[in-house]
Amino acid sequence: MDLDDTKLLSDYRSGDTEALGELVEKYRRPLFGFILRFSEGREDADEVFQEVWVRAIKHMNHYREKSLISWLFRIAHNLMIDRIRQRKPALSFDTPSADSDYSLADQLASLQLGPDGEAGNRELGLRIEAAARNLPTEQREVFWLRMQADLSFKEIAKIQKCSINTALARMQYAVSKLRNELSTEYRDLQEARQ
Amino acid sequence: MKTQKLEQWLLLEQSGELSSRQAKKLARVLSTSSEARKLRDELKLVCGAVRPIDEELSPWTVTKIASRLRQEERAYPLTLRAIKPLLAGIACLMVMVSLLNFHEQSTSQSPIIASAATAGVDVWSDPFDEELSNLGNLIASLSDHPFDPMEM
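Protein sequence lines, in the order shown, are assigned to chains C and W.
Its first residue numbered 3, the first sequence is counted upward by one per residue in the numbering used here.
Its first residue numbered 1018, the second sequence is counted upward by one per residue in the numbering used here.
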C-alpha cells in the first residue's frame, strides 16, 4: 500500500477523523465518479460511496491488495453488481431510463453535434456517455474503470477477477459498439476537424 | 498485424502498459499503415471526448462514514483478533484442568491397587477360583474319584 495511505489509516485508527477525510478526498474523483455512473442518482451514489469506505476500513484485516484504490474499486464492483442484480431489467434502447423520461434513442437524437470542434467534442462526450449506458455491465464497467478512474488493465482485471486479455476484449467490444452507434457523429466531427 | 491485436496494443499504449519492445513494433506499424493511424485517432477521439465526472461529495459524507464505523465498533467490541487469543487461552486452561483432574483420580485410586497387590489377592480372578473349588468339592463328594480341575 502507498505509504501515505498507511499513515493516514493509522492516524485515523488513532482517532484522527481528519485523516479519514484526507483519504476519502484523495480517491473521491475516480471512485465517486465511477459509482455515479452506475447509480440511480446522487443520493444513491453517496450511499454506495459511504458503504464502500465503511466496508474497506472494517475489513482492512483481509486487505491483500498492493494499492488501496484497487481494494476500494473491488468493493465498489461487488456492491454495484449486487445492486444491479436487485434492480429491474436493464435499460433498453427504446424504453425511458429511470432518471429520465426520454429513451436512450431520444437522448442520443437530441444531442446534435455542432460545427465547433470543442463544443462538438463535448457533445460527443455526452453522446458517448448516453450510449455507454446501453452496454452490457462488464463492458460498461471496464469502459468507466478505464475512462473515469484511469485504472490500468492489470488493475481492472484484478477488480473483475478475470485475465488482462478478457478485460482488454471487453474494452474493445465497448469501444467498437460505441463507434458503431456513433459512426455518423464520428465522421462529422473528424471532417469538421480536417 | 491483425486489427484485433492492433486495437489491444493501442489500448495498452494508452494505459501505459505496453512494453518497450511492443511500443517499437507498434510505432513501426503506425508509420506504415494509414488504417492503424485512423484506428488510433478514433480511439483518441473517444477518450478525449469523455470527461471524467468530478462531483463534490456532500459535506457530511466523511462524518457519516466515521460515525458508521464508530457504530460498527461499538456493536462488535471484540474483534476476531481479540477473540482468537482469548479462545486459545480458554482451550489451554481446559486442557490443564482436565490433566489435573485425571492426575488426582489416578492418585486417589492407587492405594487400593497397592494394598491389593501386597495382599496377593487377584481381585478379578478370586470369585472364579472360589466357585471352581466349590464345584470340584461337589463333584468329589458325588463321585469316588478325587477331582482335578486341570483334567477338564
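Derived from the structure by calculation, the hints contain no laboratory data.
Keep in mind that this is a model prediction, so the values were computed, not measured.
Take the hints with a grain of salt, since some may be wrong.
Cβ-Cβ distance ranges computed for the label pairs, FRET-style [unchecked claim]:
| id | chain 1 | residue 1 | chain 2 | residue 2 | range |
| --- | --- | --- | --- | --- | --- |
| 1 | C | 12 | W | 1108 | 41 to 51 Å |
| 2 | W | 1061 | C | 28 | 25 to 35 Å |
| 3 | W | 1075 | C | 185 | 15 to 25 Å |
| 4 | C | 164 | W | 1033 | 36 to 46 Å |
| 5 | W | 1064 | C | 44 | 39 to 49 Å |
| 6 | C | 28 | W | 1114 | 49 to 59 Å |
| 7 | W | 1073 | C | 138 | 43 to 53 Å |
| 8 | C | 45 | W | 1020 | 36 to 46 Å |
| 9 | C | 140 | W | 1041 | 28 to 38 Å |
| 10 | C | 24 | W | 1064 | 48 to 58 Å |
No more than 25 Å apart at the CA atoms, straight line, and that leaves these computed lysine-lysine pairs for BS3-like [claimed, not checked]:
| id | chain 1 | residue 1 | chain 2 | residue 2 |
| --- | --- | --- | --- | --- |
| 11 | W | 1101 | C | 156 |
| 12 | C | 179 | W | 1055 |
| 13 | C | 179 | W | 1022 |
| 14 | C | 156 | C | 68 |
| 15 | W | 1081 | C | 60 |
| 16 | C | 179 | W | 1061 |
| 17 | C | 68 | C | 28 |
| 18 | W | 1042 | C | 28 |
| 19 | C | 156 | W | 1041 |
| 20 | W | 1081 | W | 1055 |
| 21 | W | 1019 | C | 179 |
| 22 | C | 156 | W | 1019 |
| 23 | W | 1081 | C | 156 |
| 24 | C | 60 | W | 1101 |
| 25 | W | 1019 | C | 9 |
| 26 | W | 1081 | W | 1101 |
| 27 | W | 1019 | W | 1055 |
| 28 | W | 1081 | C | 9 |
Glycine included, C-beta positions come from ideal geometry on N, C-alpha and C.
To see whether the hints hold, each was checked on the structure:
1. C:12 / W:1108: 41 to 51 Å: Between residue 12 (chain C) and residue 1108 (chain W), where Cβ atoms are some 32 Å apart, the hint is violated.
2. W:1061 / C:28: 25 to 35 Å: At 28 Å between Cβs, range holds.
3. W:1075 / C:185: 15 to 25 Å: Between residue 1075 (chain W) and residue 185 (chain C), where Cβ atoms are some 40 Å apart, the hint is violated.
4. C:164 / W:1033: 36 to 46 Å: Between residue 164 (chain C) and residue 1033 (chain W), where Cβ atoms are some 20 Å apart, the hint is violated.
5. W:1064 / C:44: 39 to 49 Å: With Cβ atoms ~25 Å apart, the hint is violated.
6. C:28 / W:1114: 49 to 59 Å: Given about 53 Å between the Cβ atoms, the range holds.
7. W:1073 / C:138: 43 to 53 Å: 31 Å, violated
8. C:45 / W:1020: 36 to 46 Å: 43 Å, holds
9. C:140 / W:1041: 28 to 38 Å: 32 Å, holds
10. C:24 / W:1064: 48 to 58 Å: 30 Å, violated
11. W:1101 / C:156: 36 Å, violated
12. C:179 / W:1055: 17 Å, holds
13. C:179 / W:1022: 17 Å, holds
14. C:156 / C:68: 12 Å, holds
15. W:1081 / C:60: Given that 25 Å is the threshold and the Cα spacing comes to 14 Å, the pair holds.
16. C:179 / W:1061: Holds. Residue 179 (chain C) to residue 1061 (chain W) sits at ~16 Å (cutoff 25 Å).
17. C:68 / C:28: 17 Å, holds
18. W:1042 / C:28: Between residue 1042 (chain W) and residue 28 (chain C) the Cα gap is close to 37 Å, so the pair fails against 25 Å, i.e. violated.
19. C:156 / W:1041: Holds. Residue 156 (chain C) to residue 1041 (chain W) sits at ~21 Å (cutoff 25 Å).
20. W:1081 / W:1055: 49 Å, violated
21. W:1019 / C:179: Roughly 19 Å between the alpha carbons, so the hint for residue 1019 (chain W) and residue 179 (chain C) holds.
22. C:156 / W:1019: 22 Å, holds
23. W:1081 / C:156: Distance of about 33 Å is beyond 25 Å: violated.
24. C:60 / W:1101: Given pair residue 60 (chain C), residue 1101 (chain W) holds - Cα atoms ~17 Å apart, limit 25 Å.
25. W:1019 / C:9: Given that 25 Å is the threshold and the Cα spacing comes to 47 Å, the pair is violated.
26. W:1081 / W:1101: The given pair, whose Cα atoms are some 30 Å apart, is violated under the 25 Å limit.
27. W:1019 / W:1055: Holds. Residue 1019 (chain W) to residue 1055 (chain W) sits at ~14 Å (cutoff 25 Å).
28. W:1081 / C:9: Status holds; Cα separation ~22 Å.
Hints 1, 3, 4, 5, 7, 10, 11, 18, 20, 23, 25, 26 from the earlier list are contradicted by this structure; the remaining hints agree with it.
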